[in-house]
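A.B. asks: As a plain string of letters, each chain reads:
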Amino acid sequence: MTDFGFTLSRSSTLDLQKVDEGRFEQLCRLEKGAAVCIGCGSCSATCPAGSLSGMSVRKILLAVRRGQDIHRMLQCCMLCGKCTMVCPRGINTRHLILSICSIYD
Amino acid sequence: MTERFTTGFHPFVIPFLAGMVFVLGVCLIKAVIAVRELDGTDRKKWFLSLLHPNLIVKNTIDIILDCLIHVRLWKRNRLLGFMHSSIAFGWFMIILLGHLQVLMFFPERLGTFYYPIFFDYFIEGGQHTWISRIMDGFLILVLAGISLAIIKRFWSRIFGMRRTTRPTLYNLIGLYSLWAIFPLRFLAEQCARAGDLSVSLWWAYSIALCIFMVVLPFGRYLHIPAEMLLITFRNAGVGITRPHKGMARVQADSCPNCGVCIDACPMNADPANLKDSTVYLTRQFRRGNRERVREISDKCLLCGKCTSVCQVGVDGPRLRILARAARKYNIAPDFSDAGTATVVRAENKVLYFSGCMTALTPKTGRSVESILKKAGIDYEWMDRDGGLCCGRPLHTAGRLKEASQLVRRNEELIIGSGAAVLLVSCPICYREFKENYRLPGIRVVHYADYFCELMDKGLLCFEKSDACYVFHDPCELGRGCGIYETPRKLISKAAGIAEAPKNREESICCGGSLGSLSLDFSRREKITRASLENLYGSKADAIATACPLCLATFSRYSDRPVKDLAQIIDEQTEKI
Chain B
1 MTDFGFTLSR SSTLDLQKVD EGRFEQLCRL EKGAAVCIGC GSCSATCPAG
51 SLSGMSVRKI LLAVRRGQDI HRMLQCCMLC GKCTMVCPRG INTRHLILSI
101 CSIYD
Chain X
106 MTERFTTGFH PFVIPFLAGM VFVLGVCLIK AVIAVRELDG TDRKKWFLSL
156 LHPNLIVKNT IDIILDCLIH VRLWKRNRLL GFMHSSIAFG WFMIILLGHL
206 QVLMFFPERL GTFYYPIFFD YFIEGGQHTW ISRIMDGFLI LVLAGISLAI
256 IKRFWSRIFG MRRTTRPTLY NLIGLYSLWA IFPLRFLAEQ CARAGDLSVS
306 LWWAYSIALC IFMVVLPFGR YLHIPAEMLL ITFRNAGVGI TRPHKGMARV
356 QADSCPNCGV CIDACPMNAD PANLKDSTVY LTRQFRRGNR ERVREISDKC
406 LLCGKCTSVC QVGVDGPRLR ILARAARKYN IAPDFSDAGT ATVVRAENKV
456 LYFSGCMTAL TPKTGRSVES ILKKAGIDYE WMDRDGGLCC GRPLHTAGRL
506 KEASQLVRRN EELIIGSGAA VLLVSCPICY REFKENYRLP GIRVVHYADY
556 FCELMDKGLL CFEKSDACYV FHDPCELGRG CGIYETPRKL ISKAAGIAEA
606 PKNREESICC GGSLGSLSLD FSRREKITRA SLENLYGSKA DAIATACPLC
656 LATFSRYSDR PVKDLAQIID EQTEKI
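Protein chains in written order, with my numbering: chain B, 1 to 105; chain X, 106 to 681.
Quick caveat, the hints were computed from the structure, so don't treat them as lab data.
Please note: incorrect hints may appear among the correct ones.
Claimed, not checked - Here are some chain B residues pointing at chain X (derived, C-beta under 8 Å):
#, residue
1, Leu-62
2, Cys-76
3, Gly-81
4, Asn-92
What the hints assert, rightly or not - Residues of chain X clear of chain B, computed beta-carbon distances all greater than 10 Å:
#, residue
5, Asn-164
6, Ile-174
7, Pro-322
8, Lys-380
9, Arg-391
10, Arg-423
11, Asn-435
12, Val-448
13, Leu-493
14, Arg-504
15, Ser-509
16, Glu-516
17, Glu-604
18, Ser-623
19, Ser-627
Unchecked claim - Taking lysine to aspartate or glutamate and the EDC-like style, the derived pairs with C-alpha atoms no more than 20 Å apart in a straight line are:
#, chain 1, residue 1, chain 2, residue 2
20, X, Lys-479, X, Glu-400
21, B, Lys-32, X, Asp-625
22, B, Lys-32, X, Glu-400
23, X, Lys-433, B, Glu-31
None of these values were measured; they are calculated from a predicted model.
Beta carbons: idealized from backbone N, C-alpha and C, even for Gly.
Produce the complete structure using the sequences and hints provided.
C.D. replies: The structure is reproduced here in structure tokens:
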């Protein structure tokens with residue numbers, strides 16, 4: 001194909017019928033906090049790994065629900081716990097992240 | 106003094122001999138297993154330490170002071186100290202003098218082992234020697250200790266212990282047989298001396314000894330031989346490097362299940378956590394209950410208070426971190442190529458590392474900066490606009506490999522900056538820098554120490570305020586790094602200072618610790634409130650601390666103002 005110097009971004013359409021809900025349920029069993037997240041984004045705002053990989057707990061929870069790839073984001077989490085301190089719902093985000101790390105292949 | 110029987114034998118000695126062979130065999134096997142499980146270098150270090158004359162002396166002194174006289178327990182609680190040393194030291198002296206007595210008067214019987222134990226049965230008139238009289242004195246001492254132990258079993262509060270462990274079946278059997286041994290010996294000896302040679306009491310004495318020795322390797326009394334091995338390991342510099350194995354196993358076996366850590370554990374402000382103290386961790390380690398070991402190790406705040414009060418020095422936090430490290434995660438972070446937003450140059454200057462948490466308590470960072478400016482120090486702020494984490498949170502979560510990647514990356518950045526001093530304001534980072542970083546030629550210093558130096562040099566000019574502060578020792582700064590005095594010195598320059606009832610090594614964790622993986626934040630409020638109650642116990646009207654995490658956690662619930670040490674110094678100093 002001719003190289004025009006730019007590319008089209010890949011479609012990010014979700015097929016929700018194909019999404020595996022089991023993962024999220026499994027996660028909720030390990031860490032109940034997963035179910036009470038309101039997606040406020042406080043964690044995204046404080047995350048020091050955000051600048052490294054676009055990491056944020058909010059995005060990861062969304063991605064787990066949608067069945068999207070989370071490996072790249074999680075690879076930069078330093079477990080520093082700032083997200084835990086700012087979470088208005090008091091979610092133990094570090095335990096949440098470790099639980100996600102343990103249920104994925 | 107004559108021998109009553111030319112044979113020098115009676116069947117009642119058999120239970121004692123069987124028990125002794127059993128306990129020596131099992132302890133030897135356990136010791137061999139533990140030594141084999143050590144890393145190669147550690148094992149070599151240990152063998153060499155056993156030949157080193159200085160260490161032989163140190164080992165002997167430590168074993169006598171810790172295992173027999175229980176010096177550390179005396180310092181903590183005299184009644185408990187007396188109870189333990191009277192039993193341990195008294196019993197040891199009875200055994201030692203008993204053998205000496207046989208050696209002096211009937212050396213040909215020394216090889217039988219049981220002769221010194223049942224001396225008064227086999228020998229007529231043995232009670233009239235001076236050695237026998239000293240032994241009687243020690244027996245009375247042991248009996249006094251045993252009676253205290255019986256009182257403690259049913260009424261532990263008079264010994265200052267609010268909660269103790271509930272003994273398991275093995276421990277109960279061991280306990281009751283231990284209680285029985287000495288009164289039975291006393292009665293049997295007195296009867297034999299009075300001329301009554303009926304063997305029923307001697308049988309009972311021998312069987313009580315046998316039961317105690319048979320249950321010893323399976324219950325809390327294993328700590329008696331294990332602690333001796335632990336002392337030699339510790340003096341040789343052997344560390345816990347493998348979960349459940351080697352040093353970890355010896356530490357778990359050395360736990361005497363005394364339960365001092367239960368009252369000390371800050372998590373026990375909430376009765377739901379009562380079964381998660383270090384004493385239960387070691388118990389589950391011994392039983393091999395992996396599920397409970399996992400639960401207990403995940404919950405702990407890693408404040409280290411159990412270790413600071415522990416009589417044998419069981420390192421609860423380290424045992425837990427390694428238990429966490431044994432877990433497999435399918436997704437592993439990878440920081441080998443992580444860059445940072447800013448790479449700072451600070452040739453021969455002070456490099457200030459504020460850490461992630463300080464970003465949430467910006468006053469701390471600003472105050473440190475302002476103080477440095479007032480003192481005219483040339484500095485650079487390494488992570489003003491965000492940077493890498495120090496690695497401590499990953500470390501405590503048991504992800505050691507990933508933590509060391511972060512550490513190596515940070516080392517490159519810090520060494521690359523060319524700084525002479527690395528100034529740290531967060532004790533969590535400070536401990537990681539101290540323990541796991543290799544920064545040749547760079548001095549790592551916490552700001553409490555650094556500002557104290559500046560004050561001594563006269564670079565900071567204080568104006569004392571009327572406020573009175575109580576200093577909360579953060580776990581990582583106090584127990585973790587041993588910094589207790591400099592923060593107090595600084596506060597006393599800037600304002601009044603008062604002490605909380607529990608302070609320094611015994612300070613109570615704020616409950617915000619990142620050490621815990623599974624403790625929910627809704628369940629931490631009680632811990633924080635208990636810690637605050639302790640601080641309210643002082644006369645101070647405000648709280649000072651030196652950790653951003655303590656600051657944030659206390660601020661949530663405290664009804665008195667909470668300030669960081671740097672903030673107080675900044676408010677009370679003027680530009681020279």
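A.B. asks: Run every hint past the structure and note whether it holds.
C.D. replies: Against the structure, the hints:
Against a cut-off of 8 Å between C-beta atoms, the interface hint on Leu-62(B) is violated, since the closest Cβ of chain X lies about 17 Å away. Look at Cys-76(B): its Cβ gets to within about 6 Å of chain X, closer than 8 Å, so that hint holds up. With a least beta-carbon distance of about 4 Å to chain X, the hint placing Gly-81(B) at the interface is held under the 8 Å criterion. With a least beta-carbon distance of about 5 Å to chain X, the hint placing Asn-92(B) at the interface is held under the 8 Å criterion.
The claim that Asn-164(X) lies off the interface holds: its Cβ sits roughly 40 Å from the closest Cβ of chain B, which is beyond the 10 Å cut-off. With a closest Cβ-Cβ approach of about 44 Å to chain B, Ile-174(X) is found to remain outside the 10 Å limit, as its non-interface label requires. Consistency note on Pro-322(X): stated as away from chain B, and its beta-carbon is indeed over 10 Å from all of that chain's, at 36 Å minimum. With a closest Cβ-Cβ approach of about 20 Å to chain B, Lys-380(X) is found to remain outside the 10 Å limit, as its non-interface label requires.
Distance check on Arg-391(X): its Cβ is at least 26 Å (rounded) from any Cβ of chain B, clearing the 10 Å threshold; non-interface status holds. Look at Arg-423(X): its CB is around 18 Å from the nearest CB on chain B, clear of 10 Å, so calling it non-interface holds up. A cut-off of 10 Å between C-beta atoms contradicts the statement that Asn-435(X) is not in contact with chain B; the least separation is 5 Å. No beta-carbon of chain B comes within 10 Å of the beta-carbon of Val-448(X); the shortest separation is about 13 Å.
With a closest Cβ-Cβ approach of about 7 Å to chain B, Leu-493(X) is found to fall inside the 10 Å limit, against its non-interface label. Some Cβ of chain B comes within 10 Å of the Cβ of Arg-504(X); the nearest lies about 7 Å off, and the non-interface call is violated. Look at Ser-509(X): its CB is around 13 Å from the nearest CB on chain B, clear of 10 Å, so calling it non-interface holds up. Against the 10 Å criterion, Glu-516(X) stays outside the reach of chain B, whose nearest CB is about 15 Å from its own CB.
In this structure Glu-604(X) is separated from chain B by more than 10 Å, as the shortest Cβ-Cβ distance comes to about 28 Å. A beta-carbon of chain B is positioned within 10 Å of the beta-carbon of Ser-623(X); the least distance is around 6 Å. Not every CB of chain B is more than 10 Å from the CB of Ser-627(X) (nearest about 6 Å), against its label as outside the interface. Our distance criterion of 20 Å between C-alpha atoms is broken by Lys-479(X) and Glu-400(X), whose separation comes to about 49 Å.
The straight-line distance between the Cα atoms of Lys-32(B) and Asp-625(X) is roughly 10 Å, inside the 20 Å bound, and the hint therefore holds. This hinted pair checks out: Lys-32(B) and Glu-400(X) have alpha carbons roughly 16 Å apart, not beyond 20 Å. Only pairs whose Cα atoms come within 20 Å are accepted, and Lys-433(X) paired with Glu-31(B) is accepted, the gap being roughly 17 Å.
Consistency with the previously given hints fails for numbers 1, 11, 13, 14, 18, 19 and 20, ordered from lowest to highest.
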